[in-house]
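Enquirer: All chains, full assembly: derive it from the sequences and hints.
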Amino acid sequence: MSLVEAAERIVLPGVGHFAATERLDATGLTGAIRDAIARGVPFLGICVGMQWLYAGSTEAPQQPGLGAFSESCSRFAECTEKVPHVGWNSLEVREGSRLLAGVEPGEFVYFTHSYKGPVTADTAAVTQYIEPFAAAVERGNVMGVQFHPEKSGETGLKILRNFLAWQAKGAGC
Amino acid sequence: MLTKRIIACLDVHAGRVVKGVQFVDLIDAGDPATQAARHAREGADEIVLLDITATHEGRQTLLDTVRRTARELFVPFCVGGGIKSARDAEQVFEAGADKVSINSAALADPDLISAIGSSFGAQAVVVAIDARRDPAAADPVREAQVFVHGGRKPAGRRVVEWAREAEERGAGEILLTSMDADGTRAGFDCELTAAVSEAVGIPVIASGGAGTVAHFADVFGRGQAHAALAASIFHFGVSTSRSLKEELAKAGVPVRLPC
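Just so you know, the protein sequences line up as chains A and B, in that order.
Quick note, the first sequence lines up with residues 1 to 173 if you use my numbering.
Quick note, the second sequence lines up with residues 1 to 259 if you use my numbering.
The set of hints was computed from the structure by calculation and includes no laboratory data.
Since the structure is predicted, the reported quantities are computational estimates derived from the model, not experimental observations.
Take the hints with a grain of salt, since some may be wrong.
Facing chain A, according to a computed beta carbon distance under 7 Å, are these residues of chain B, among others [unchecked claim]:
(1) L2
(2) T3
(3) D45
(4) F74
(5) P76
(6) G121
(7) Q123
(8) G201
(9) P203
(10) R256
Rough simulated footprint, nothing fancy, chain B against chain A, three-plus residues with beta-carbon under 8 Å [what the hints assert, rightly or not]:
(11) 77 to 87
(12) 150 to 162
Label pairs and their calculated CB-CB ranges [said to hold, decoys possible]:
(13) B/A186 to A/L157: 34 to 42 Å
(14) A/A101 to B/D64: 35 to 43 Å
(15) A/R9 to B/E90: 25 to 33 Å
(16) A/Q128 to B/S119: 26 to 34 Å
(17) A/S2 to B/G221: 51 to 59 Å
(18) B/A251 to A/I130: 49 to 57 Å
(19) B/R222 to A/S2: 53 to 61 Å
(20) B/L257 to A/T120: 27 to 35 Å
(21) B/L26 to A/A101: 43 to 51 Å
(22) A/S2 to B/E57: 35 to 43 Å
(23) A/Q62 to B/P258: 39 to 47 Å
(24) A/P105 to B/R222: 45 to 53 Å
(25) B/E90 to A/E5: 26 to 34 Å
(26) B/L257 to A/L164: 21 to 29 Å
Beta carbons: idealized from backbone N, C-alpha and C, even for Gly.
Expert: Here's what the structure looks like:
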């Protein structure tokens, strides 16, 4: 917890079940992260770490998320396509995203997930699988990606570099 | 658009990449970490490292190899071979693998699938199935049999049923190798791959029999595969995953390009 309190940047990676985010509450990390975000510390949630930024997920309805984004995550609709969505899919980056700056239309990143966030005004990139969903979400210093930048080759490394370089507007040198 | 994956497979023995036909006459083909990074650079969408060292002492060597390979690899990385328990899997994940592939150990103890999946997620568990058509059966494809011990011994299970059970137990993907097609370079077993893909709701990776670019296009189309393992194809003509994918793109297959 003291690590989170002292951190200059926070990454919450996540693979697994939404219910596992209960550990964040139990260890006091939820509050520490909420405070850090309020102080303006850049935060990046990956996969379930992004889903946790929403109010919750139908994967574990009793477990609340952080609620930085008011919507909830839900499972891909049943259809003939495979779920989980596994593999390299393309991004449509929305204008103004700082996390995804320099990512060209159609660049590919690696996904592996069965639940996803809805497309809203905070969506930074949209990916199409069964339906359009939020591949990335961004509001100020709060950022999340549904895909795995650490497994997405050069495109992923570019996104991680953007996160490391992120500065509050008007701050710094 | 979700693309079809080309997965480069490296056979590793005692910490070195080896090449050989049916694991006989092995030729040293370099350092796994170097070769994995090269394949990723050359456009592979994923790397599978298959350990064929069967000894206990080999485990530490493997973990060291996985650690060195993962450090420089920024594409998904799956490790298979010799994983017999949840503890074995955990060590491989701790060393940096994203997925493990389990085969005969899952047949011997199907609970292993859920044991690994519940800690590391279904996406981390690939169940590998070695399959042979059953020529004596009324439907040789739908009644194809699971084999173990490098395809020498029948496991007493039907492929389609075992794939379904693996999914129910929490496997994230099926890696299907046709032992009939393996080594022939005459093409994947598309009928068998399609039969399994239709039976399960998780992605199926096809393996065995690739000889030409057209074989890949075929298994992605008719075979309904989501990914295909490329191993020996790099020995004859097609030099890289990138050139393979460029040819596939011309044939209308969605692939990750540029890469």
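Enquirer: Could you run down the list of hints and mark each one as holding or not?
Expert: Against the structure, the hints:
Hint status for B/L2 relative to chain A: holds, with the closest Cβ pair at about 5 Å, below 7 Å. Checking B/T3 against chain A: minimum C-beta separation of about 5 Å stays under 7 Å; hint holds. The closest approach between the C-beta of B/D45 and any C-beta of chain A is roughly 6 Å, which is under the 7 Å cut-off, so the hint is satisfied. At its closest, the beta carbon of B/F74 sits 5 Å from a beta carbon of chain A; the interface hint therefore holds under the 7 Å criterion.
This hint holds: B/P76 has a C-beta 5 Å from the nearest C-beta of chain A, less than the 7 Å allowed. Among the interface hints, the one on B/G121 holds; its C-beta lies about 4 Å from the nearest C-beta in chain A, closer than the 7 Å criterion. The beta carbon of B/Q123 is positioned within 7 Å of a beta carbon in chain A (closest approach about 4 Å), and the interface hint is therefore held. Hint on B/G201 holds. Least Cβ distance to chain A is approximately 6 Å, under the 7 Å limit.
For B/P203, the shortest C-beta to C-beta distance to chain A is roughly 5 Å, which falls under 7 Å, so the interface hint holds. Hint status for B/R256: holds, given a least beta-carbon distance of 4 Å to chain A, under 7 Å. Requiring three or more residues with a Cβ within less than 8 Å of a Cβ of chain B, the coverage given for the segment 77 to 87 of chain A holds, as 6 such residues are present. By the rule of at least three residues with a Cβ nearer than 8 Å to a Cβ of chain B, the coverage given for the segment 150 to 162 of chain A holds, with 7 such residues.
In this structure the supplied range 34 to 42 Å holds for B/A186 paired with A/L157, their Cβ-Cβ distance being about 40 Å. Here the CB-CB span from A/A101 to B/D64 is close to 38 Å, well matched to the stated 35 to 43 Å. Taking the beta carbon of each, A/R9 and B/E90 are about 28 Å apart, inside 25 to 33 Å as hinted. Take A/Q128 and B/S119: their Cβ atoms lie about 32 Å apart, and the range 26 to 34 Å holds.
Separated by about 56 Å at the C-beta atoms, A/S2 and B/G221 satisfy the suggested range of 51 to 59 Å. At about 25 Å, the CB distance of B/A251 to A/I130 disagrees with the hint of 49 to 57 Å. B/R222 and A/S2 have their C-beta atoms about 58 Å apart, which keeps the hinted 53 to 61 Å range intact. For the pair B/L257 and A/T120, the supplied restraint of 27 to 35 Å holds, since their beta-carbon distance comes to about 31 Å.
The hint said 43 to 51 Å for the Cβ distance between B/L26 and A/A101, and at roughly 48 Å that hint holds. For the pair A/S2 and B/E57, the beta carbons lie near 42 Å from each other, so the given range of 35 to 43 Å is met. Between A/Q62 and B/P258 the C-beta distance comes to about 45 Å, which sits within the given range of 39 to 47 Å. A beta carbon spacing of about 31 Å between A/P105 and B/R222 contradicts the range 45 to 53 Å that was offered as a hint.
As the Cβ distance of B/E90 to A/E5 is approximately 30 Å, the hint placing it in 26 to 34 Å holds. Taking 21 to 29 Å as the suggested C-beta distance range, the pair B/L257 and A/L164 conforms, at roughly 28 Å.
Checked against the numbered hints listed earlier, the structure breaks hints 18 and 24; every other hint is satisfied.
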